[in-house]
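Using the numbering used here, the first residue of the sequence shown is number 31, and each one after it goes up by one.
Be aware that a few hints might be false.
As the list claims (entries may be wrong) - Here are the simulated lysine to aspartate or glutamate pairs, DMTMM-like style, with alpha carbons at most 20 Å apart:
#1 K238 x D208
#2 K159 x E32
#3 K258 x E245
#4 K127 x D168
#5 K175 x E32
#6 K155 x D105
#7 K172 x E202
It should be emphasised that the hints constitute simulated quantities derived from the structure, not laboratory data.
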Amino acid sequence: METITFTNSRGETVKFGGPPFYLQSVTGLGDVTAQIQKQKSPFQDGSTFLDALLDEREVEITFLIVADLEQNYGDVSKARARIAQICNPKLGPGILKYENDYVVRIIDAIASHVPIYGDNGERTKTLQKSTISFIAHDPYWKSLKVDEEPAFKPLFQFPFSGPFQMGIQRDERIIENDGDSETPIFVEFFGPAKNPQIINETTGQFVKVNQNLLEGERMIIDTSEDNKSVFFVNELGESRNVFHWIDLGSTFFKLVIGENKIKYSADSDIQGAILNISYNKRYNAV
Numbered sequence: 031m032e033t034i035t036f037t038n039s040r041g042e043t044v045k046f047g048g049p050p051f052y053l054q055s056v057t058g059l060g061d062v063t064a065q066i067q068k069q070k071s072p073f074q075d076g077s078t079f080l081d082a083l084l085d086e087r088e089v090e091i092t093f094l095i096v097a098d099l100e101q102n103y104g105d106v107s108k109a110r111a112r113i114a115q116i117c118n119p120k121l122g123p124g125i126l127k128y129e130n131d132y133v134v135r136i137i138d139a140i141a142s143h144v145p146i147y148g149d150n151g152e153r154t155k156t157l158q159k160s161t162i163s164f165i166a167h168d169p170y171w172k173s174l175k176v177d178e179e180p181a182f183k184p185l186f187q188f189p190f191s192g193p194f195q196m197g198i199q200r201d202e203r204i205i206e207n208d209g210d211s212e213t214p215i216f217v218e219f220f221g222p223a224k225n226p227q228i229i230n231e232t233t234g235q236f237v238k239v240n241q242n243l244l245e246g247e248r249m250i251i252d253t254s255e256d257n258k259s260v261f262f263v264n265e266l267g268e269s270r271n272v273f274h275w276i277d278l279g280s281t282f283f284k285l286v287i288g289e290n291k292i293k294y295s296a297d298s299d300i301q302g303a304i305l306n307i308s309y310n311k312r313y314n315a316v
C-alpha cells in the first residue's frame, strides 16, 4: 500500500492513503532534471563537462476526500479546511514521508500553494477531488532511519557481570555510504579533549576546534548545508558557539559515496572518549 504523510512545522500531520484522504496519484518520486555545467574553449569540438546539479523537486499529490455515507456535506468542508490548515505554506517547510510495502523515505518540503479543490463534478455531498503540490529545495529523498555508529565495538557477551572486557574503544571506524549522493553528518564528541578534531581520512578533510573541550562537555558538529555549526554543550544543556575557534584548514565534510574512514583525535590523550555519528542516506528517487 502506498501512503504519503505530511508533518508541518507545528507537528500537525495529515496522511494521504486512508480515510478520509484517499491517495489517487503522486508524481515527483523521481522526475528531477539536472543542470549540466560545462565549458567550451575556442575551436573545441563539443564541450567539457564540469558538474551536474539537480533542480528542486516538485511532488504533486492528487487525492479524494471521502466522507461516510451517513455524514453530511459539512464533513467534506471540515476536511478541506483541515488540509488547508496543515499544509499552509506560511508555516514554512515540513516533512513529507513516502511509504510503500518495500521502502520508507522522507524529504523536507513546503506546500507551493493552498490545496486546489475541483468543481464541475469533482465535488459531491460526500466526495471532493483535490490536488496539492510541494517543493523540496533539497531534491534528495532520505532514509527514515538515522544510522548511528556505536561508540564501542562489541567483542562478546556474558550472561553475568564482572571485570571482563566487553568491547574496545575505537578512535576510527569505517562508514559505508551506499546512497546516491554525499551526505552530511551529525557528530557528538564527549570530552575532555584538547583541540578535538574529526577526520575523514578517505578525503583528507577534517573539522578541528582549537579550544579545550572540558570534562562533562560534548562537542556537537553539524555539516549540513543549511545548518553548518559547532557547539560545546555542558552537562546543564548550556551551549557555547565555538565556530570562530575552528581551525582555518577545516572543512564541513560529507560522507562520500562508498567507504569512509572516520577518525577522531585531539592534542591530548582521549582514551575513553566517546564519539557518536549519525546521518541519513540520500537518494535520487524512490
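Inset, instruction - Any hints from earlier that this structure breaks? Give me their numbers in increasing order, please. - result: Hint check: 1, 3 and 7 fail, others pass.
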